[in-house]
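**Student:** Start from the sequences, fold in the hints, and give me the full structure.
Protein chains: 2
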Amino acid sequence: MINDDLKGLLYEREVDSPIARVVRALSGHGAVSASQIARSTGLARSTVSTILSDLKRSNLVVEVETRSPGLGRPALAHSLNPEAGTCVGALLGLDEIRITLADVAHNVLADISMPLERDYSPERATRVVRHAIENLYKEHSLPYSGLLGVGFAVSGPLAPNGRIMRASVLPTWGGIDLKSTFAPVLQKPIFADNESNCAALAEVMWGAAAGVEDFVLFKLDLGVGGAIVANGKVLSGSSGAAGEFGHMVIEPQGPLCRCGNRGCLELYCSAASVVSLAQQRLGRATSVAEVVTLASNGDVGFQRLLADAGEAAGRGLGIVGSIINPPLFIISGGLAKAGELLLAPLRASYEKHALIKRQDLDEAAYPRFVTGRFLDNDNCMGAVGLVLRHSGRLT
Amino acid sequence: MINDDLKGLLYEREVDSPIARVVRALSGHGAVSASQIARSTGLARSTVSTILSDLKRSNLVVEVETRSPGLGRPALAHSLNPEAGTCVGALLGLDEIRITLADVAHNVLADISMPLERDYSPERATRVVRHAIENLYKEHSLPYSGLLGVGFAVSGPLAPNGRIMRASVLPTWGGIDLKSTFAPVLQKPIFADNESNCAALAEVMWGAAAGVEDFVLFKLDLGVGGAIVANGKVLSGSSGAAGEFGHMVIEPQGPLCRCGNRGCLELYCSAASVVSLAQQRLGRATSVAEVVTLASNGDVGFQRLLADAGEAAGRGLGIVGSIINPPLFIISGGLAKAGELLLAPLRASYEKHALIKRQDLDEAAYPRFVTGRFLDNDNCMGAVGLVLRHSGRLT
DNA sequence: TTGAATTATGTCATGGCTGACAGATTTACC
DNA sequence: GGTAAATCTGTCAGCCATGACATAATTCAA
Numbered sequence: 052m053i054n055d056d057l058k059g060l061l062y063e064r065e066v067d068s069p070i071a072r073v074v075r076a077l078s079g080h081g082a083v084s085a086s087q088i089a090r091s092t093g094l095a096r097s098t099v100s101t102i103l104s105d106l107k108r109s110n111l112v113v114e115v116e117t118r119s120p121g122l123g124r125p126a127l128a129h130s131l132n133p134e135a136g137t138c139v140g141a142l143l144g145l146d147e148i149r150i151t152l153a154d155v156a157h158n159v160l161a162d163i164s165m166p167l168e169r170d171y172s173p174e175r176a177t178r179v180v181r182h183a184i185e186n187l188y189k190e191h192s193l194p195y196s197g198l199l200g201v202g203f204a205v206s207g208p209l210a211p212n213g214r215i216m217r218a219s220v221l222p223t224w225g226g227i228d229l230k231s232t233f234a235p236v237l238q239k240p241i242f243a244d245n246e247s248n249c250a251a252l253a254e255v256m257w258g259a260a261a262g263v264e265d266f267v268l269f270k271l272d273l274g275v276g277g278a279i280v281a282n283g284k285v286l287s288g289s290s291g292a293a294g295e296f297g298h299m300v301i302e303p304q305g306p307l308c309r310c311g312n313r314g315c316l317e318l319y320c321s322a323a324s325v326v327s328l329a330q331q332r333l334g335r336a337t338s339v340a341e342v343v344t345l346a347s348n349g350d351v352g353f354q355r356l357l358a359d360a361g362e363a364a365g366r367g368l369g370i371v372g373s374i375i376n377p378p379l380f381i382i383s384g385g386l387a388k389a390g391e392l393l394l395a396p397l398r399a400s401y402e403k404h405a406l407i408k409r410q411d412l413d414e415a416a417y418p419r420f421v422t423g424r425f426l427d428n429d430n431c432m433g434a435v436g437l438v439l440r441h442s443g444r445l446t
Numbered sequence: 052m053i054n055d056d057l058k059g060l061l062y063e064r065e066v067d068s069p070i071a072r073v074v075r076a077l078s079g080h081g082a083v084s085a086s087q088i089a090r091s092t093g094l095a096r097s098t099v100s101t102i103l104s105d106l107k108r109s110n111l112v113v114e115v116e117t118r119s120p121g122l123g124r125p126a127l128a129h130s131l132n133p134e135a136g137t138c139v140g141a142l143l144g145l146d147e148i149r150i151t152l153a154d155v156a157h158n159v160l161a162d163i164s165m166p167l168e169r170d171y172s173p174e175r176a177t178r179v180v181r182h183a184i185e186n187l188y189k190e191h192s193l194p195y196s197g198l199l200g201v202g203f204a205v206s207g208p209l210a211p212n213g214r215i216m217r218a219s220v221l222p223t224w225g226g227i228d229l230k231s232t233f234a235p236v237l238q239k240p241i242f243a244d245n246e247s248n249c250a251a252l253a254e255v256m257w258g259a260a261a262g263v264e265d266f267v268l269f270k271l272d273l274g275v276g277g278a279i280v281a282n283g284k285v286l287s288g289s290s291g292a293a294g295e296f297g298h299m300v301i302e303p304q305g306p307l308c309r310c311g312n313r314g315c316l317e318l319y320c321s322a323a324s325v326v327s328l329a330q331q332r333l334g335r336a337t338s339v340a341e342v343v344t345l346a347s348n349g350d351v352g353f354q355r356l357l358a359d360a361g362e363a364a365g366r367g368l369g370i371v372g373s374i375i376n377p378p379l380f381i382i383s384g385g386l387a388k389a390g391e392l393l394l395a396p397l398r399a400s401y402e403k404h405a406l407i408k409r410q411d412l413d414e415a416a417y418p419r420f421v422t423g424r425f426l427d428n429d430n431c432m433g434a435v436g437l438v439l440r441h442s443g444r445l446t
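First to last, the sequence lines map onto chains A and B. Sequential numbering from 52 applies to the first sequence in the numbering used here. Sequential numbering from 52 applies to the second sequence in the numbering used here.
Hints listed in this document are in silico derivations from the structure and should not be mistaken for laboratory results. It cannot be assumed that every hint is accurate.
Given that identical chains are not distinguished, each listed pair holds provided it fits within a single copy or across any two copies.
[To be verified] Quick list of in silico lysine-lysine cross-link-like pairs, DSSO-like style, CA-CA up to 30 Å:
1. Lys388 <-> Lys403
2. Lys403 <-> Lys189
3. Lys403 <-> Lys107
4. Lys388 <-> Lys230
5. Lys230 <-> Lys408
**Tutor:** Take a look at the structure:
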């Protein structure tokens with residue numbers, strides 16, 4: 052059966068085996084030629100050629116019609132056969148569980164969000180996830196046997212063994228082992244990583260960081276987080292807490308933060324802080340989206356709010372830049388929808404606080420600042436990516 | 052000829068070839084058995100066995116006498132043949148050039164420092180380096196043909212191609228290409244990396260980080276710098292400026308720093324800042340070493356000076372820890388000689404400012420803070436390591 | 001002293017990746 | 001329309017790392 056073949060090829064081998072690398076290259080970008088794969092994986096063309104013909108014989112890879120305008124013999128475009136399997140990405144959020152269903156060619160087939168009370172229990176989560184997945188497969192008339200695995204994006208630090216750490220932002224989940232919680236119910240391979248690392252993975256595989264080996268993802272949502280990718284690998288940190296930019300202490304005498312410290316960056320540039328100030332100004336409840344809309348429509352007050360957040364973010368990134376010195380910053384999360392209203396002051400503030408100034412470098416070497424491609428679905432897409440890339444598997 | 056064999060084996064192959072990995076394992080640790088090498092390199096025992104017998108036939112590797120107390124057949128200890136070649140590490144410092152001569156088994160044969168006027172020219176440096184190396188080889192009756200390569204540790208950011216960046220702390224060297232400057236004079240392979248990266252390499256190969264894949268080196272010298280090692284690789288950053296912890300802005304309204312920003316960490320915890328305050332107290336010129344001695348002898352004033360520096364350093368490292376979350380911090384540089392007088396307040400301050408508190412973790416998962424093994428010779432030893440490891444070669 | 005357990009070393013057939021070669025298909029230019 | 005250049009694809013002998021096997025050398029316990 053096809054799915055078993057795919058599972059074998061994807062999972063029963065070394066993560067770094069040539070086959071796995073080819074499949075990863077295919078699952079990353081849409082339609083690619085054999086020689087493109089050879090270049091991006093570093094494998095010999097002959098190797099890729101052989102592997103591709105195997106995969107085509109098993110019907111896991113199909114040739115796609117494309118017109119390539121260039122010189123020379125036109126390349127055959129290959130793509131994973133969307134029929135070959137499906138995977139699910141699930142976000143275990145603070146007050147919601149979100150589920151994305153995609154095929155192996157990473158086409159999104161469904162994407163649903165289920166609000167939950169805060170501090171929901173693991174038992175409740177397993178029921179909700181199982182129920183949602185079953186319904187999705189029924190609705191779309193898909194065979195559950197085609198599900199290759201479920202990836203979890205977790206809102207909080209995660210130990211490498213898949214245990215949620217006590218310091219998590221999901222307090223009721225401290226010490227919970229994801230594999231033993233979900234595997235018996237789902238009966239499928241389980242993958243998991245930190246929410247921010249998933250977001251970075253999504254940008255690497257299909258987004259603003261495609262083909263980039265080193266970058267910093269900076270996420271301005273209700274909280275502030277991010278991820279560091281170096282040499283193509285997401286840094287996890289010894290406690291799974293690398294990239295927690297939101298809790299850099301930038302004002303030791305500043306206001307108290309929910310983490311127990313004072314003056315964390317998050318207090319100055321999170322969407323929560325922006326919304327809270329906006330509510331004072333409007334005299335009523337509001338949302339990030341509304342603030343961004345109002346600012347885009349010319350309201351200078353809200354523009355200033357966004358600019359102040361950008362200023363603080365740039366100061367934080369200046370520190371990050373002095374330490375990591377990455378060539379690319381991807382600004383993501385709800386606030387990033389503000390676009391240049393946020394990015395322009397952010398860049399200016401970065402330049403002011405960073406060690407290396409624009410004049411010290413060629414234009415090309417100066418770090419780039421771009422917004423992410425998946426601003427609010429990056430975690431779930433990254434969780435799908437975990438399954439396709441076979442990274443972060445819990446065993 | 053032996054040296055040509057070694058050069059061939061070390062350099063004419065891929066950096067990641069099995070032979071290179073075996074040689075690296077040998078050059079790293081003193082005497083190792085075949086199976087130890089197999090374990091640390093991940094190669095098969097049979098592969099290591101074959102390679103070692105080749106190397107022994109070429110007389111590049113010798114068996115060493117050791118008693119291994121363990122169970123089972125005793126291992127044969129192997130070591131690079133010290134007679135097989137020599138290498139030189141050179142520090143291009145702010146106001147000195149320091150040169151270390153070592154054999155391939157990383158025994159230090161000589162170590163000299165030559166003070167120079169600040170802003171010495173590249174021409175002057177080439178003359179000084181050449182002259183010093185020639186003299187050393189003459190004094191020790193060593194053949195110059197045995198010199199395998201010269202590694203340079205550079206005080207400032209270095210582009211990957213070996214060009215010293217304009218933003219360097221060696222202003223007269225901006226834009227200078229190290230390879231074309233030194234290669235014609237020395238007629239040997241040239242290796243180079245940032246001073247701090249060399250220091251990290253020394254600790255990885257022979258020091259406090261031996262066998263550790265992830266750590267942060269934090270260096271408190273006249274300036275404050277460091278390096279980040281993740282997944283066994285030193286992060287260089289897109290402009291060679293990763294690990295510049297000294298220029299994290301921690302007080303945006305603080306005093307001016309030589310880098311052009313305000314309130315850099317370096318202003319609060321560098322040896323220069325400590326010495327400057329100590330001079331005010333003593334009413335005369337002094338040195339780091341003297342301050343450390345006085346404090347160790349019980350002077351509470353100087354103890355407080357060191358504690359304040361540790362406090363500031365811990366605050367900086369708290370930020371670094373929130374971002375990188377490494378399992379190990381190696382505190383190095385002149386100030387680190389103060390030992391616990393510096394480390395105790397540093398740890399306390401880290402705990403106060405870090406995101407993850409001691410109570411959140413098992414004791415084993417909490418980051419360790421140790422002093423480096425090479426407190427003031429790490430750059431030169433690392434430059435030697437560049438040659439032995441064949442990393443950072445300029446071509 | 002002997003046998004079991006443990007660990008290290010050396011040899012060899014196997015298999016997988018590679019580089020070189022040959023062939024295919026298009027564009028550019030005369 | 002023909003030729004050169006460029007780019008892609010597929011095939012195959014050769015090489016190199018591997019894993020399995022056989023062997024060696026030590027400790028420990030009976």
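**Student:** Now, for every hint given, state plainly whether the structure supports it.
**Tutor:** Now for the hints, and whether the structure bears them out:
1. Lys388 <-> Lys403: within (24 Å within a copy, 35 Å between copies)
2. Lys403 <-> Lys189: Neither way: Lys403 and Lys189 sit 55 Å apart in one copy and 52 Å across, limit 30 Å.
3. Lys403 <-> Lys107: neither (54 Å within a copy, 57 Å between copies)
4. Lys388 <-> Lys230: neither (35 Å within a copy, 46 Å between copies)
5. Lys230 <-> Lys408: The answer is between: 26 Å across copies meets 30 Å, while 47 Å in one copy does not.
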